[in-house]
Amino acid sequence: MRPLDWVVLCGTLALIILYGLYRGRGSGTVSSYLLANKTMPWWAMGLSIMATQASAITFIGTTGQSYTDGMRFVQFYFGLPLAMVIVAATSVPFFHRAGVYTAYEYLEKRFDSKTRTLTSIVFLIQRGLGVGVALAAPAVVLSVLMGLPDRRTVVIMGTLIIAYTVIGGIRTVTWTDVLLMSIIFLGIATALTASILMMPKDVSLRDALYLAGASGKLNVVDLSFDWKTRYNLWSGLIGGTFLALSYFGCDQSQVQRYLTGKSIRHSRISLIFNAVMKVPMQFFILLTGALVFVFFLFDPPPMLFHRAERERVEKLDEYGAAEARYRQAFEERRQAAAALLSARDAAARERYRVAEKRLEADRAEGINLVRRTNGGRPYNDTNYIFLSFVTRYLPAGVVGLIMAAVFAAAMSSISGELNSLATSTVIDLYRRHLQKNASDRHYVLAARLATAFWGLYAMTFALFVNRLGSLIEAVNMVGSLFYGSVLGVFVLAFGVKRANGHGAVVGLLAGLATVWWISRNTEISFLWYNVAACLVVVAVGTLVSGMMQPAEVSVPQKASAN
Amino acid sequence: VAVVAYLFFLITLFYLFTVSFN
Chain A
1 MRPLDWVVLC
11 GTLALIILYG
21 LYRGRGSGTV
31 SSYLLANKTM
41 PWWAMGLSIM
51 ATQASAITFI
61 GTTGQSYTDG
71 MRFVQFYFGL
81 PLAMVIVAAT
91 SVPFFHRAGV
101 YTAYEYLEKR
111 FDSKTRTLTS
121 IVFLIQRGLG
131 VGVALAAPAV
141 VLSVLMGLPD
151 RRTVVIMGTL
161 IIAYTVIGGI
171 RTVTWTDVLL
181 MSIIFLGIAT
191 ALTASILMMP
201 KDVSLRDALY
211 LAGASGKLNV
221 VDLSFDWKTR
231 YNLWSGLIGG
241 TFLALSYFGC
251 DQSQVQRYLT
261 GKSIRHSRIS
271 LIFNAVMKVP
281 MQFFILLTGA
291 LVFVFFLFDP
301 PPMLFHRAER
311 ERVEKLDEYG
321 AAEARYRQAF
331 EERRQAAAAL
341 LSARDAAARE
351 RYRVAEKRLE
361 ADRAEGINLV
371 RRTNGGRPYN
381 DTNYIFLSFV
391 TRYLPAGVVG
401 LIMAAVFAAA
411 MSSISGELNS
421 LATSTVIDLY
431 RRHLQKNASD
441 RHYVLAARLA
451 TAFWGLYAMT
461 FALFVNRLGS
471 LIEAVNMVGS
481 LFYGSVLGVF
491 VLAFGVKRAN
501 GHGAVVGLLA
511 GLATVWWISR
521 NTEISFLWYN
531 VAACLVVVAV
541 GTLVSGMMQP
551 AEVSVPQKAS
561 AN
Chain B
563 VAVVAYLFFL
573 ITLFYLFTVS
583 FN
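Order-wise, the sequence lines are chains A and B. The first sequence begins at 1 in this note's numbering and counts up by one. The second sequence begins at 563 in this note's numbering and counts up by one.
Source of the hints: derived by calculation from the structure; they are not laboratory data. In this text the structure is predicted, and so the values were computed from the model without any measurement. Be careful, since some hints might not be right.
Which residues of chain A face chain B? A few of them, derived with a C-beta cut under 7 angstroms, are [to be verified]:
| no. | residue |
| --- | --- |
| 1 | 213 |
| 2 | 220 |
| 3 | 221 |
| 4 | 308 |
Ideal Cβ positions, reconstructed from N, Cα and C, are used throughout, including at glycine.
The task is simple: from the sequences and hints, build the whole structure.
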């Protein structure tokens with residue numbers, strides 16, 4: 001990072017936060033602090049929905065994933081537009097008409113207090129773990145690349161986000177998200193353009209795509225069906241739809257975005273905006289990763305992208321020989337790639353693939369050196385690939401802009417999560433069970449304190465989790481266990497007339513147990529967990545509701561908010 | 563003045579991209 005990069009990074013983020021605070025002034029009531037008085041236009045909500053979903057790891061991890069595994073991850077998002085249509089058609093009118101602050105508040109109106117309390121606690125556990133990871137993961141990567149201690153990165157990012165989220169509430173969060181998402185779009189466009197322009201002079205975009213394809217990186221659509229394959233068309237369309245339904249229909253961090261809408265119309269269009277923009281955005285992020293791979297066919301990539309780990313093993317005697325073999329293998333692959341571009345025949349393709357495999361084998365030697373010296377912990381430098389390319393090759397100013405996009409992605413997702421955690425804490429637990437008749441001002445103060453509490457918790461978690469590397473993956477795994485089951489409860493609420501609170505709670509517990517069992521005893525890919533959990537909750541919930549039918553539910557009533 | 567049709571248009575486009583290059 002050069003001085004100009006720091007100016008661009010700090011200047012961009014400071015202006016965005018000041019603008020957000022300016023737009024968020026006057027949030028003195030619960031309705032304005034948590035729902036922006038329902039005044040938001042569709043385009044602001046749409047950008048905020050996208051910004052909340054796009055974390056820093058979405059940006060830097062996805063490009064790295066494409067570099068190593070190709071573009072097939074885009075299939076993960078194929079279910080999202082379908083889910084947006086379903087949520088717009090069902091959840092939006094139900095939530096708007098019920099006049100609720102949280103999705104779980106609706107469940108009390110539909111079922112009972114215990115269903116609301118249980119689902120809100122599940123959300124707080126799941127999203128509470130998630131917000132810690134959302135802060136920890138980018139802080140680790142940015143620390144390594146910017147040369148700052150990770151503790152300082154966590155504290156700077158955390159303090160900044162807590163400050164503007166506490167002061168301005170959802171209005172500041174949303175208007176800040178609008179600009180942060182614009183910076184993310186600009187960052188993606190800049191990165192994609194840079195990856196094309198940085199190619200050698202005699203390699204056109206078509207040549208680059210040919211080489212990326214020959215390396216198997218352009219595997220965008222896989223029509224084969226396999227329960228164990230994480231990303232194919234079917235897991236994306238079916239499993240991805242259920243995952244997106246859970247996230248956008250039942251997770252307060254997203255529901256709260258579209259509850260701020262001026263009307264049902266604005267909320268619906270904000271979701272449709274997301275449906276139209278999301279898949280192409282992910283495609284271009286992944287394409288950038290594939291093009292960075294091609295760039296490194298002609299310019300030597302580091303054997304290890306994680307700079308701190310590399311500097312540690314460079315002191316070993318064996319490192320020099322391993323590095324020399326890696327350089328030799330790179331040169332052979334470079335020549336094979338150039339020959340493939342000229343010949344474009346099966347023999348040249350085979351020579352290129354052999355050279356590619358040899359380079360991978362030599363890189364594996366370097367990784368083994370790391371594992372020998374770090375106590376055998378797994379080594380994964382996927383998240384470092386893209387930003388290594390950015391910081392090493394791109395000009396001053398552009399690096400600052402892309403770093404601003406990464407920070408923007410982290411800030412927008414974390415601020416939305418803190419805001420929703422505080423909302424659920426105050427509305428579903430504090431106001432419902434502890435302090436039922438306090439003043440508006442009291443609840444706004446409680447919401448500010450809850451935001452600060454969750455922010456400080458996220459910072460503590462991030463400082464702690466950085467010492468425990470692979471815990472991040474475990475936390476993500478725990479999060480995915482809950483999603484489908486909560487979706488099942490909302491399907492019962494919206495779609496099963498005879499369902500009641502007893503059925504919903506027993507169904508939820510059965511769904512959680514089912515997913516836990518599947519994850520422990522089968523090799524089924526995680527995208528299918530949500531499908532299984534949702535179906536189990538609906539089946540068990542309907543059955544139990546039939547057996548434990550309270551008298552009041554048998555009286556048909558018109559849907560209303562009261 | 564469609565979303566589902568747009569999604570399947572994108573998937574078709576991506577499939578042709580895969581078949582052409584990968």
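Evaluation of the interface hint that places residue 308 (chain A) against chain B, nearest CB under 7 angstroms: This hint is violated: residue 308 (chain A) lies away from chain B, its Cβ roughly 35 angstroms from the closest one there, beyond 7 angstroms.
Residue 213 (chain A) as chain B interface residue, shortest Cβ-Cβ below 7 angstroms: holds (3 angstroms)
Please check whether residue 221 (chain A) passes as an interface residue: C-beta within 7 angstroms of a C-beta belonging to chain B. holds (4 angstroms)
Hint check: 7 angstroms Cβ-Cβ cutoff, residue 220 (chain A) to chain B: Holds: closest Cβ of chain B sits about 4 angstroms from residue 220 (chain A), inside 7 angstroms.
Checked against the numbered hints above, the structure breaks only hint 4 and satisfies the rest.
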